[in-house]
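Chemist: Protein chains in written order, with numbering that gives the first Met the number 0: chain A, 0 to 80; chain B, 0 to 279; chain C, 0 to 500.
Don't read these hints as lab results, they were simulated from the structure. Bear in mind the structure is a predicted one, so any value in this text is a computation, not a measurement. Treat the hints with care, since some could be wrong.
[Unchecked claim] Cut-off 25 Å, straight-line C-alpha distance, at most; resulting in silico cross-link-like pairs (DMTMM-like, lysine to aspartate or glutamate):
| hint | chain 1 | residue 1 | chain 2 | residue 2 |
| --- | --- | --- | --- | --- |
| 1 | B | 57 | C | 250 |
| 2 | A | 47 | B | 199 |
| 3 | C | 249 | B | 198 |
| 4 | C | 1 | C | 31 |
| 5 | C | 85 | C | 22 |
| 6 | B | 171 | B | 198 |
| 7 | B | 54 | A | 44 |
| 8 | B | 51 | A | 20 |
| 9 | C | 85 | C | 38 |
| 10 | C | 7 | C | 124 |
| 11 | C | 474 | A | 44 |
| 12 | C | 468 | A | 35 |
| 13 | C | 285 | B | 47 |
| 14 | C | 453 | B | 141 |
| 15 | C | 474 | A | 37 |
| 16 | C | 441 | C | 460 |
| 17 | C | 479 | A | 36 |
| 18 | C | 249 | C | 151 |
| 19 | B | 57 | C | 465 |
| 20 | C | 455 | B | 52 |
| 21 | A | 21 | A | 37 |
| 22 | C | 285 | B | 198 |
| 23 | A | 53 | A | 20 |
| 24 | A | 40 | C | 464 |
| 25 | C | 455 | C | 472 |
| 26 | C | 288 | B | 199 |
| 27 | C | 285 | B | 193 |
| 28 | A | 39 | B | 47 |
| 29 | A | 50 | B | 73 |
| 30 | B | 225 | C | 464 |
| 31 | A | 1 | B | 47 |
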Amino acid sequence: MKGIAGTLESNDCLITVETSDKLEIIINSPVAYLYEDEIKKTILEVLKNEKQEKLKIVMEDKGALDYTIRARLIVAIRRMK
Amino acid sequence: MRRSLLFVPGDNPGMLQSAGVYNADAIIIDLEDSISLSNKDSARILVEEFLKDYKLNKEIIVRVNSFDSPYYKEDLETLVSDNIDTILLPKANLENTVKLDAILSKLESKKNLTKTIKIIPLIEQVSSLLEVEDIALLNRVDGILLGAEDLTTDMGVERTKKGYEIFYPRAKVALACINAGIEAIDTPFTDTRDFIGLEEDCHMAKGLGFKAKSAIHPNHIDIINKVYSPSKEEIVYAIQVLKMAKTSKGAFSINNKMIDKPVIERAKKTIENAKAFGLI
Amino acid sequence: MKNSLGRKVPNGYPLFEASNAFEKKKRVLISEVKTKNKDKLVNSYAEVFEKLEIKDGMTLSFHHHLRNGDQVLNACMEEVKRRDLKNLTIAASAIFPNNEILVELIKNKNVTNIYTNYLNGPVAEAISHGELEGMLIMQTHGGRARAIEAGELKIDVAFIATPAATKSGGGSGVDGKNPCGVLGYPIPDMLYAKKKVVVTDSLVDKLTITDIKHEYIDYVLKVDSIGDSKGIVSGTTQVTFDPIGLKIAKDATHLLYELGVIKDGFSMQTGAGGTSLAVASFVREKMIKEKIKGKMASGGITSYFVSMLEEGLIEEIRDVQCFDLEAIRSYKENEKHYLMSASKYANPYDNPVVNDLSFMILGATEIDLDFNVNVTTSSNGVIMGGSGGHSDAAYGAEIALVVAKTMNARIPIIKKAVTTITTPGSDIDCLVTERGIAINPKRKDLLEKLKNSKLKIVSIEELMEETYKFTREPKPLELKSKVVGLVEYRDGTIIDSLYQV
Numbered sequence: 000m001k002g003i004a005g006t007l008e009s010n011d012c013l014i015t016v017e018t019s020d021k022l023e024i025i026i027n028s029p030v031a032y033l034y035e036d037e038i039k040k041t042i043l044e045v046l047k048n049e050k051q052e053k054l055k056i057v058m059e060d061k062g063a064l065d066y067t068i069r070a071r072l073i074v075a076i077r078r079m080k
Numbered sequence: 000m001r002r003s004l005l006f007v008p009g010d011n012p013g014m015l016q017s018a019g020v021y022n023a024d025a026i027i028i029d030l031e032d033s034i035s036l037s038n039k040d041s042a043r044i045l046v047e048e049f050l051k052d053y054k055l056n057k058e059i060i061v062r063v064n065s066f067d068s069p070y071y072k073e074d075l076e077t078l079v080s081d082n083i084d085t086i087l088l089p090k091a092n093l094e095n096t097v098k099l100d101a102i103l104s105k106l107e108s109k110k111n112l113t114k115t116i117k118i119i120p121l122i123e124q125v126s127s128l129l130e131v132e133d134i135a136l137l138n139r140v141d142g143i144l145l146g147a148e149d150l151t152t153d154m155g156v157e158r159t160k161k162g163y164e165i166f167y168p169r170a171k172v173a174l175a176c177i178n179a180g181i182e183a184i185d186t187p188f189t190d191t192r193d194f195i196g197l198e199e200d201c202h203m204a205k206g207l208g209f210k211a212k213s214a215i216h217p218n219h220i221d222i223i224n225k226v227y228s229p230s231k232e233e234i235v236y237a238i239q240v241l242k243m244a245k246t247s248k249g250a251f252s253i254n255n256k257m258i259d260k261p262v263i264e265r266a267k268k269t270i271e272n273a274k275a276f277g278l279i
Numbered sequence: 000m001k002n003s004l005g006r007k008v009p010n011g012y013p014l015f016e017a018s019n020a021f022e023k024k025k026r027v028l029i030s031e032v033k034t035k036n037k038d039k040l041v042n043s044y045a046e047v048f049e050k051l052e053i054k055d056g057m058t059l060s061f062h063h064h065l066r067n068g069d070q071v072l073n074a075c076m077e078e079v080k081r082r083d084l085k086n087l088t089i090a091a092s093a094i095f096p097n098n099e100i101l102v103e104l105i106k107n108k109n110v111t112n113i114y115t116n117y118l119n120g121p122v123a124e125a126i127s128h129g130e131l132e133g134m135l136i137m138q139t140h141g142g143r144a145r146a147i148e149a150g151e152l153k154i155d156v157a158f159i160a161t162p163a164a165t166k167s168g169g170g171s172g173v174d175g176k177n178p179c180g181v182l183g184y185p186i187p188d189m190l191y192a193k194k195k196v197v198v199t200d201s202l203v204d205k206l207t208i209t210d211i212k213h214e215y216i217d218y219v220l221k222v223d224s225i226g227d228s229k230g231i232v233s234g235t236t237q238v239t240f241d242p243i244g245l246k247i248a249k250d251a252t253h254l255l256y257e258l259g260v261i262k263d264g265f266s267m268q269t270g271a272g273g274t275s276l277a278v279a280s281f282v283r284e285k286m287i288k289e290k291i292k293g294k295m296a297s298g299g300i301t302s303y304f305v306s307m308l309e310e311g312l313i314e315e316i317r318d319v320q321c322f323d324l325e326a327i328r329s330y331k332e333n334e335k336h337y338l339m340s341a342s343k344y345a346n347p348y349d350n351p352v353v354n355d356l357s358f359m360i361l362g363a364t365e366i367d368l369d370f371n372v373n374v375t376t377s378s379n380g381v382i383m384g385g386s387g388g389h390s391d392a393a394y395g396a397e398i399a400l401v402v403a404k405t406m407n408a409r410i411p412i413i414k415k416a417v418t419t420i421t422t423p424g425s426d427i428d429c430l431v432t433e434r435g436i437a438i439n440p441k442r443k444d445l446l447e448k449l450k451n452s453k454l455k456i457v458s459i460e461e462l463m464e465e466t467y468k469f470t471r472e473p474k475p476l477e478l479k480s481k482v483v484g485l486v487e488y489r490d491g492t493i494i495d496s497l498y499q500v
């Protein structure tokens, strides 16, 4: 099962989630050197709220703020089919 | 009180997060025409998360999808909250505006809202234009937006920059709003780089009784605000009128012009507007 | 050792003290160097290198009027490579992405030291990654002129790319097939370098205007092409259409008007960036509306200042570099459009034009709570620019106004401390962003004037907090300890160090 949400435009991010046997988070971000920890924290918070534990998450970031990361991840999870 | 209302596509983070910096009096976050069918869900969630984090200190209006689409229920379920002020209802008519009022009442009590959500019906069909006087009087309705692009398509006429084809629709919407004591809001000007045309368009609608205009580009906001705010001269004159009215008994004149009750009432309104827009 | 701004400087270099510290010292001037050579024409770089006996360890200088279309620096470096000369110092007023050939020469230790005022592209990245054996010195436009006239920066050979030249070595930037306009930056090189070579692709009998004087020139090198005109000037430079940029420009103009600096007789400088140009265009509208006549516009010149000159809104243009074809035309035709040398523009000891500015519009990649500005490195520490005239104009102008967006794809512009200090905060007066305006608290006079302003005036701390609500606070940047370069303030002291990333 796989779900995708978001775009590769500036201030956005493209998030792909897939079912997996473990939790795996891959973040490709131009601002990782400043915000990787913040981004990871935001992703984990959404996973908790959405009650997801085993997923492979790939985020292609273009400088998305927290709310955008949350929204894209929520939608990607809900789109998993 | 609105002069300018800025449309922002609901699925564009860059535009959402900068929407608050312009001088628009209200932000219309759009879930309808600017969002493709495959992204209705992602726009809705993006707007929900955005509004959780940021208060823009402006009226927040959400344009939900129309009642003939499969999306409007979820739009309303998700986004009606204390974080928004108003719903802009596309393809509005008497029937669906009444229905929206009922839905909002239910949602407000279900979600324990502390405020009453207002409705701005978007008049963009001939049939609803013909019942606009009644729509304007409905519960919650506190402004009417004219949607000239769809309306002229429905009329089967060409939409031009001069806008003669919407002269009657504008006049009709303006009068309906004046009668109901609410704001008539004009259709956006679609040429984003023609500022002279924009200003002329603003004056045309203002002359018919419009109080505000929507915009599809932030660069339009300052001109709209300028046209729809009382001018310096109007404010000075109004102050003079009110001062004389206080001291004079009965009718008086300024520059050989008789000042009577309607003029005094208009002066009061000018000062009220000037205060609301932070001009005095 | 640490300088007065608390920045670490390697031992042996002079420490930055204050932006007005230059006043305590006297101007140092070496003698101008004229030539006795009469037979100047040469036909290849090889011949010039032979005749001038260019050898290991020398300092070669270049200017950047051909910008990203320059082929003169590149061709010289090809010759250096062929001869495998070592340990050269390159003193180029700026280095652009098309000068990529330097990367290879840096790695092979042909080039081991670089002086420049602006550095961007692959060469900047290579140096940030620690490839340069010696030191990168980032100067200012005025500082470079000062260092050359004082004999601190000793140039063995100056290669002066010149769009049109006579056989005797007179040169012009407005004639020829690759015109670039005014030649303001190479003037100090022309006066003080030991040897000078004019490099041209158009030999002419007569020049419309003579910027480069023949008596200083040792050789005239005729080549097929000095550059690609597409990279040299843009057809037209344009005001931004970006609504945030426009809002900032509009607010900046209101602010300047409220501060009373847009008044009869005022002088100004703006960059050629979209937001700066928008300020110029709003200032023009204001001048027309309020019937205000200005005195002068200076700096890098665009069509916006040209039309203001032609409309009679300003009396004169002081031009160090043309940015578009209109500026070139105007310099050619209009006697009120003057060349200014890099020294006259910005050298602290040359009573420079920057001192006459009523206001200067500046950019920033980062600005901190002390108003220090970084335009040298990006927020990851990699070099991507440099002062150019930033710190010169900031010092000289009555109002130094920075226009900047509060954030750029999550990267906040306001930091507790900037990665690199290019221009000291003591010289920055106002920061205009889309979310508010901050005035340097040192300028109590400005705050007093703005007491009743309707503009959104806030403290820089508040602006930072407001921005962090969106971006959140960034993690501090970790840089390696190896110093790859130094940021030299206009008086020759070191204001900050550049570290390997």
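Chemist: Could you run down the list of hints and mark each one as holding or not?
Modeler: How the hints compare with the structure:
no.	hint	in the structure
1	57(B) - 250(C)	holds (20 Å)
2	47(A) - 199(B)	violated (54 Å)
3	249(C) - 198(B)	holds (18 Å)
4	1(C) - 31(C)	violated (36 Å)
5	85(C) - 22(C)	violated (38 Å)
6	171(B) - 198(B)	holds (21 Å)
7	54(B) - 44(A)	holds (22 Å)
8	51(B) - 20(A)	violated (32 Å)
9	85(C) - 38(C)	violated (29 Å)
10	7(C) - 124(C)	holds (22 Å)
11	474(C) - 44(A)	holds (20 Å)
12	468(C) - 35(A)	holds (17 Å)
13	285(C) - 47(B)	violated (42 Å)
14	453(C) - 141(B)	violated (29 Å)
15	474(C) - 37(A)	holds (9 Å)
16	441(C) - 460(C)	holds (15 Å)
17	479(C) - 36(A)	holds (21 Å)
18	249(C) - 151(C)	violated (43 Å)
19	57(B) - 465(C)	holds (17 Å)
20	455(C) - 52(B)	holds (22 Å)
21	21(A) - 37(A)	holds (21 Å)
22	285(C) - 198(B)	holds (19 Å)
23	53(A) - 20(A)	holds (6 Å)
24	40(A) - 464(C)	holds (21 Å)
25	455(C) - 472(C)	holds (23 Å)
26	288(C) - 199(B)	holds (20 Å)
27	285(C) - 193(B)	holds (20 Å)
28	39(A) - 47(B)	holds (21 Å)
29	50(A) - 73(B)	holds (21 Å)
30	225(B) - 464(C)	violated (31 Å)
31	1(A) - 47(B)	holds (23 Å)
Hint violations for this structure: numbers 2, 4, 5, 8, 9, 13, 14, 18 and 30, all remaining hints satisfied.
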